[in-house]
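Q: Take a look at the letters that make up each chain.
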Amino acid sequence: MARMISYKQAINEALDLEMRRDPTVILLGEDIVGGAGAPGEMDAWGGVLGVTKGLHAKHGNRLMDTPLSESAYIGAAIGAAACGMRPVAELMFLDFMGVCFDQIFNQAAKFKYMFGGKAKTPVVIRAMVGAGFRAAAQHSQMLTPLFTHIPGLKVVCPSNAYDAKGLLIQAIRDDDPVIFCEHKALYGSEADVPEESYAIPFGEANIVRDGKDVTLVGYGLTVPRALAAADTLARSGISAEVIDLRTLSPIDWDTVIESVENTGRLVVIDEANPRCSLATDVAAYVAQHAFGALKAAPQMVTAPHTPVPFSPALEDLYIPSAEAIVAAVHKTTGPVKSAA
Amino acid sequence: MNERIKPVVMPKWGLSMSEGKVTGWLKPAGAAIAPGDEIVEVETDKIAGVVEAHETGTLRRVIGAPDTVYPVKALLGIIADDAVPDAEIDAYVAEYATQAAAEAAKEEAPRYHFIDTPAGRLRYARRGEGAENVILIHGFGGDLDNWLFNIDALAEVASVYALDLPGHGQSDKKLADPSLTGLSTALLGFMDALAIDRAHLVGHSMGGAIAARTALDAAGRVASVTLIGSAGLGPEINAGYTDGFVQATSRRDLKPVLEQLFHDPETVTRQLVDDLLKYKRLDGVAEVLTALSGALFAGGRQAERVAEPLAATDVPALVIAGASDKVIPATHAQALGARATVEVIEGAGHMVQMEKAGRVNELILAHIA
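Sequence lines, in order, name chains A and B.
The numbering of the first sequence is full-length UniProt numbering, which starts it at 1 and goes up by one.
The numbering of the second sequence is full-length UniProt numbering, which starts it at 1 and goes up by one.
Everything labelled a hint here was simulated from the structure, so no lab data went into it.
Don't take every hint at face value.
When the alpha-carbon atoms are kept at most 16 Å apart in a straight line, the in silico EDC-like pairs for lysine to aspartate or glutamate are as follows [unchecked claim]:
| # | chain 1 | residue 1 | chain 2 | residue 2 |
| --- | --- | --- | --- | --- |
| 1 | B | K326 | B | D192 |
| 2 | B | K46 | A | D16 |
| 3 | B | K280 | A | D16 |
| 4 | B | K173 | A | D210 |
| 5 | B | K280 | B | D253 |
| 6 | B | K255 | A | D210 |
| 7 | A | K212 | A | D231 |
| 8 | B | K326 | B | D243 |
| 9 | B | K280 | A | E195 |
| 10 | B | K326 | B | D264 |
| 11 | B | K27 | B | E38 |
| 12 | B | K278 | A | E196 |
| 13 | B | K173 | A | E196 |
| 14 | B | K27 | B | D45 |
| 15 | B | K27 | B | E55 |
| 16 | B | K46 | B | D274 |
| 17 | A | K58 | A | D102 |
| 18 | B | K174 | B | E287 |
| 19 | B | K173 | B | E259 |
| 20 | B | K278 | A | D16 |
| 21 | A | K53 | A | D22 |
| 22 | B | K255 | B | E236 |
| 23 | B | K21 | B | E3 |
| 24 | B | K326 | B | D275 |
| 25 | B | K255 | B | E266 |
| 26 | A | K118 | A | D176 |
| 27 | B | K46 | B | D243 |
| 28 | B | K278 | A | E204 |
| 29 | B | K278 | A | D176 |
| 30 | A | K295 | A | E323 |
| 31 | A | K120 | A | D192 |
| 32 | B | K280 | A | D175 |
| 33 | B | K174 | A | D175 |
| 34 | B | K326 | B | D217 |
| 35 | B | K280 | B | D143 |
| 36 | B | K255 | A | D231 |
These stretches of chain B come out as covered by chain A in the derived footprint (C-beta under 8 Å, 3 or more residues) [stated by the list, open to error]:
| # | region |
| --- | --- |
| 37 | 223-234 |
| 38 | 249-262 |
Glycine residues also receive a C-beta, built at the ideal position from the N, C-alpha and C atoms.
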């Protein structure tokens, strides 16, 4: 029986279930309780968009409102993880990672390697990503490529509520540091989500639509955009396969390569800026490992190499659209479907 | 409405089905139709299937267009005698109100139920009001929706229950004792909780072995057994299937495993694979499946045989197998010898009750009558 809940509720439910299952799971972040000690804290907001709402009432002081110092509490979360806890730190916007890069890149990501595999760092850093929220250039970036670049970090970006719950549960149970990227434009999107706990393994892309003429690869918000593009393409006789990477590190190359071997065409969609992005990464990997299967040059649909504009009209143009994806597909097929 | 005119409508397979796609007609307009004839192929997001005729006549109108989606109860075609004038048929088609019919179908849709038993909270569906009770018991890794083509047909004459066994479907994901005796005890606990004193047990695969075990241990509570593609009748089982099902964690790995269930591998839709992956990811499921396959099917051998002791009883038994079953050999269906009514159905694999639902339903109805 279908039980439709939102992406935001799915994340809340994953946190709640894991806190019930494992007493070492704790939450840290700015305003995640909603003002500890203040009147009304039991029903307070729970984070800037209310993702952790209600968890304080259920789990009490296992949620900690932190000072407005990302470098302090991200460091504290990583230290707690190294000492046996499973902290989930909420960083509000991924854009704020800049002040805690040392803790993430040089500490959390390196412990396992530098201590010969004897240390584990089971920390999850949750943060909102992406544009479309009218929040301007410092609160709207898709910085997934920065973290994907660092060995020792796992990077996750769900595209729907079902995946959000299962991937977050896996992230909390995982013994490595995980950067969990929540697209704020998807918080309201609903899916059929089981009430029970379940974990989706990392490194397993999801083929969300079967097709035979072109492979569309995306993650996060670009997945629903790619699906919309596939609907449009179907009306002109082009059958598009849509792959949701789900986890960017580790990444499921096999599914991408197998798909391109069947379709012969690749369009990668990435909301990040174009240079050194998931788009360039996937396009290069496919060009190197499946060159013989390609019937046309791989295409990339990305944001431009600019900050995210505050002008709503420009911001809408900034994010990869279904129309831009369709146009990129036509570059691989020609305007009319080829005889192949 | 005109009783000489029989509509062919979009069926409702399972509680969640609201629409389906016509994929192709198996009979042309003008064809003579007999009960049981396969008329039109329909695909839902869950499963592909065939609409069978229930009456005799001529396929006078083909209305449902291939590759088009229709709501449940939409008019797809018309069967009528040659004697019925075209004008009457045209009038019937013009008056047929799909929307109202679909609404009615939605309203009558029964819900799933849950009941607390000693084996945990179990989900079940219940249909029909007949005096006889029928309990449908799915197999290893299955759930009550494995009976979606059977439950309504049987509910016309009986009170039919289909349950999710412990660790399966939406029942609690725990299983204290993974032996047939443990599963049979769970089944009897389910019957106790619902105050079902005595029932006809219809089991598929592992569910067949559970039905047989229950008939041996609690004979007074079992009116008859129907064993479909049943475990417990022979020595071997396809370990590639049972182990593959336990181990697969991705669509790529699971799909070829599931294709072994059917005569026609095309039956395995993306949604079927997705639904099973979602089930397999739930906490506790991997442990339950590992325990069951270890206790019952280790190394491709069936640990428990029920055929010989069952043959020594007088419990009425019907044994059905798909001729091209790739999981449990169809030859096992002969294990009870002349003690049982045996039918091996051509063109069906392990999921014979889905692939040849019409014939399986006829056999069960005759068996429990």
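Q: Hints first: check each against the structure and report whether it holds.
A: Here is what the structure says about each hint:
1. As the CA atoms of B:K326 and B:D192 are separated by approximately 35 Å, the hinted pair breaks the 16 Å bound.
2. For the hint linking B:K46 to A:D16, the alpha-carbon distance of about 31 Å lies beyond 16 Å, and the restraint is violated.
3. At most 16 Å may separate the alpha-carbon atoms for a hinted pair to count; B:K280 and A:D16 exceed this at roughly 21 Å.
4. For a cut-off of 16 Å, the pair hint linking B:K173 to A:D210 is broken: about 32 Å separates their Cα positions.
5. Straight-line distance between C-alpha atoms of B:K280 and B:D253 comes to about 13 Å, which keeps the hinted pair within the 16 Å bound.
6. Between B:K255 and A:D210 the CA atoms are separated by roughly 14 Å; this keeps the pair inside 16 Å, and the hint holds.
7. About 14 Å separates the Cα atoms of A:K212 and A:D231, which keeps this hinted pair within 16 Å; it holds.
8. For the given pair, B:K326 sits about 14 Å from B:D243 by alpha-carbon distance, which is consistent with the 16 Å threshold.
9. This hinted pair checks out: B:K280 and A:E195 have alpha carbons roughly 14 Å apart, not beyond 16 Å.
10. A hinted pair counts as satisfied when its Cα atoms are at most 16 Å apart, and B:K326 with B:D264 qualifies at roughly 11 Å.
11. A distance of roughly 8 Å separates the Cα atoms of B:K27 and B:E38; the hinted pair therefore holds under the 16 Å criterion.
12. Simply put, B:K278 and A:E196 have alpha-carbon atoms about 11 Å apart, close enough for the 16 Å limit, and the pair holds.
13. This hinted pair checks out: B:K173 and A:E196 have alpha carbons roughly 9 Å apart, not beyond 16 Å.
14. Of the supplied pair hints, the one linking B:K27 and B:D45 is violated, its CA atoms being roughly 24 Å apart against a limit of 16 Å.
15. As the CA atoms of B:K27 and B:E55 are separated by approximately 14 Å, the hinted pair is consistent with the 16 Å bound.
16. Only pairs whose Cα atoms come within 16 Å are accepted, and B:K46 paired with B:D274 is accepted, the gap being roughly 9 Å.
17. Proximity of A:K58 to A:D102 is assessed by CA-CA distance (about 33 Å); at most 16 Å being required, the pair is judged violated.
18. For a cut-off of 16 Å, the pair hint linking B:K174 to B:E287 stands: about 8 Å separates their Cα positions.
19. Of the pairs offered as hints, the one joining B:K173 and B:E259 is violated, with about 25 Å between alpha carbons and a cut-off of 16 Å exceeded.
20. Only pairs whose Cα atoms come within 16 Å are accepted, and B:K278 paired with A:D16 is rejected, the gap being roughly 20 Å.
21. A C-alpha spacing of about 20 Å is found between A:K53 and A:D22, which places the hinted pair above 16 Å, so the restraint is violated.
22. For the given pair, B:K255 sits about 23 Å from B:E236 by alpha-carbon distance, which is inconsistent with the 16 Å threshold.
23. With a C-alpha separation of about 27 Å, the suggested pairing of B:K21 with B:E3 is violated against the 16 Å cut-off.
24. Of the pairs offered as hints, the one joining B:K326 and B:D275 is violated, with about 22 Å between alpha carbons and a cut-off of 16 Å exceeded.
25. Proximity of B:K255 to B:E266 is assessed by CA-CA distance (about 11 Å); at most 16 Å being required, the pair is judged to hold.
26. Note on A:K118 and A:D176: the hinted pairing holds, with a Cα-Cα distance of about 12 Å set against a maximum of 16 Å.
27. Taking the CA atoms of B:K46 and B:D243, the gap is near 24 Å; set against the 16 Å cutoff, the hint is violated.
28. About 14 Å separates the Cα atoms of B:K278 and A:E204, which keeps this hinted pair within 16 Å; it holds.
29. Restraint check for B:K278 and A:D176: not satisfied, since their Cα atoms lie roughly 24 Å apart, outside the 16 Å limit.
30. Only pairs whose Cα atoms come within 16 Å are accepted, and A:K295 paired with A:E323 is rejected, the gap being roughly 22 Å.
31. Straight-line distance between C-alpha atoms of A:K120 and A:D192 comes to about 34 Å, which puts the hinted pair past the 16 Å bound.
32. The suggested pairing of B:K280 with A:D175 is violated, with an alpha-carbon distance near 22 Å, which exceeds 16 Å.
33. At roughly 26 Å between alpha-carbon atoms, B:K174 and A:D175 are farther apart than 16 Å, so this suggested pair is violated.
34. This hinted pair does not check out: B:K326 and B:D217 have alpha carbons roughly 30 Å apart, beyond 16 Å.
35. At most 16 Å may separate the alpha-carbon atoms for a hinted pair to count; B:K280 and B:D143 meet this at roughly 12 Å.
36. Taken as a hint, the B:K255 and A:D231 pair is broken in the structure, with Cα atoms around 25 Å apart against an allowance of 16 Å.
37. For the region 223-234 of chain B, the assignment as covered by chain A is violated, since 0 residues bring a beta-carbon within under 8 Å of that chain's beta-carbons and 3 are needed.
38. With 4 residues carrying a beta carbon less than 8 Å from a beta carbon of chain A, the region 249-262 of chain B meets the three-residue requirement, and the given coverage holds.
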